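Asker: Below, each chain spelled out in residue letters.
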Amino acid sequence: MMTTQPLASAWLARVEDLSADLPAGVRAELLADLREHLAAALPPDADRAQVAAALDRLGDPGDVVGAARADAGVPPPPPSRPAVPGLATAEALGLAALVLAGLVLLVVWPLGLLLWAVGVAVVASVGRWRGAEACGAALLPVPWALVVASFLVPVGTSVTTCTADSAGVEQCMTEGGGAQPVLLVGAVVLLVATVLATRWLARAPRGRPARR
Amino acid sequence: MEPDGPDLAQLRRGVVQHCVLALLEDEPRYSYDLVTALGEHTPLVTSEGTIYPLLSRLRRQGLVTTSMRDSEVGPPRRYYALTDAGRQHLAAFRGTWVAFRDATDTVLATEEPT
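Residue numbers (this note's numbering), protein chains in the order written: chain Y, 1 to 212; chain C, 1 to 114.
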């Protein structure tokens, strides 16, 4: 089979790579057509020169995939990485440590402080955030701790009063907590704002590549 | 090989597909023969490989159909045939093309007499 010819295999592999973003059906059909073409163009014992000539007539893999892309109406791939790059592992770990630090700070404060320090160290070392962004990232535990506090306070201050009437039936009444919608609304607003701020940091474009 | 200018790519778009239809006018053709026959006309196509996506599109548009036929040598072969819609398309293009070509020739001859 001619596709075992290293030259032809490499050519087909290149087409496969370049066409990865095409619809599966379009891509499969293109590759099948090209394989069939090479099978028809080359005798089983084709030598290197014959394979090279057949590939030359088939053309540049980029041209072939470009034609398939145009005919399928698929826009050309972006020249480089997407404008909003994903988080690298270290960056994600740093942000996660800072969020977690804020969440546990008021509950287990030594762990919170430790996570805070780790998060700041990671954020400073990866170089993704600079200037105001870096300061914002370092202070990220503060709003998260406030979110925790804003949910803890209404619950903590709720008072349950139970009285027994003359018949011995106990009646309980809870004040605070759910009875203070203003505090809860404030807590939810703070939560949403903090989540948005964290998301913004996670999606902030890399201003400059980290210097090495 | 001569590098193709952007003009040539623009010219091919919208023209080459009708040449494919014309090659199928008399009888169905084996895909490999069809592609190599068109590939002979260098100004018309970039390379043989770029013709296959065009064939797929013509099939999706219902201008050609494909069928597999057994071959005495090797695996079954894919044959392309013109549909009625493809035939009508080709006839319409022939008329348009002659008028277009004549007008272009006339204007170009005025610009650059030989």
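Since the hints were derived computationally from the structure, they do not count as laboratory data. Nothing here was measured: the structure is a model prediction, and the numbers come from that model. A virtual CB, placed ideally from N, CA and C, is assigned to each residue, including glycine. One thing to keep in mind: the hints can contain errors.
What the hints assert, rightly or not - Here are some, though not all, of the chain C residues that point toward chain Y, as calculated from beta-carbon distances under 7 Å: (1) 43; (2) 47; (3) 48; (4) 56; (5) 96.
Unchecked claim - With the Cβ distance kept under 10 Å, some of the chain C side facing chain Y (calculated, not the full set): (6) 29; (7) 60; (8) 90; (9) 93; (10) 95; (11) 97; (12) 98.
Claimed, not checked - Coverage of chain C stretches by chain Y, computed from C-beta distances (three or more under 8 Å per stretch; other residues unrestricted): (13) 20-27; (14) 73-85.
Asker: All hints, please: hold or fail.
Answerer: Now the hints, each set against the structure:
About 15 Å separates the beta-carbon of residue 43(C) from the nearest beta-carbon of chain Y, more than 7 Å, and the hint is not met. Annotation: interface hint on residue 47(C) holds; nearest CB of chain Y at approximately 2 Å, less than 7 Å. Residue-level restraint check for residue 48(C) holds (minimum Cβ-Cβ distance to chain Y is 5 Å; threshold 7 Å). Interface hint status for residue 56(C): upheld, as the beta-carbon distance to the closest one in chain Y is roughly 6 Å, under 7 Å.
Against a cut-off of 7 Å between C-beta atoms, the interface hint on residue 96(C) is violated, since the closest Cβ of chain Y lies about 21 Å away. For the restraint placing residue 29(C) at the interface with chain Y, the shortest Cβ-Cβ distance is roughly 13 Å, beyond the 10 Å limit, so the hint is violated. Taken as an interface hint, residue 60(C) checks out: its beta carbon lies about 9 Å from the nearest beta carbon of chain Y, inside 10 Å. The criterion of a C-beta within 10 Å of any C-beta in chain Y is not met by residue 90(C), whose closest approach is roughly 19 Å, and the hint is violated.
Interface hint status for residue 93(C): violated, as the beta-carbon distance to the closest one in chain Y is roughly 18 Å, over 10 Å. At about 25 Å, the closest approach between the beta carbon of residue 95(C) and any beta carbon in chain Y exceeds 10 Å, and the interface hint on this residue is violated. For the restraint placing residue 97(C) at the interface with chain Y, the shortest Cβ-Cβ distance is roughly 21 Å, beyond the 10 Å limit, so the hint is violated. With its C-beta approaching chain Y no nearer than about 26 Å, residue 98(C) sits outside the 10 Å limit, and its interface hint is violated.
Only residues whose C-beta sits within less than 8 Å of a C-beta in chain Y count toward coverage, and the region 20-27 of chain C has 0 of them, not enough to reach three; the restraint is violated. With 4 residues having a Cβ less than 8 Å from any Cβ of chain Y, the region 73-85 of chain C passes the three-residue criterion, so the hint holds.
Checked against the numbered hints given earlier, the structure breaks hints 1, 5, 6, 8, 9, 10, 11, 12 and 13 and satisfies all the rest.
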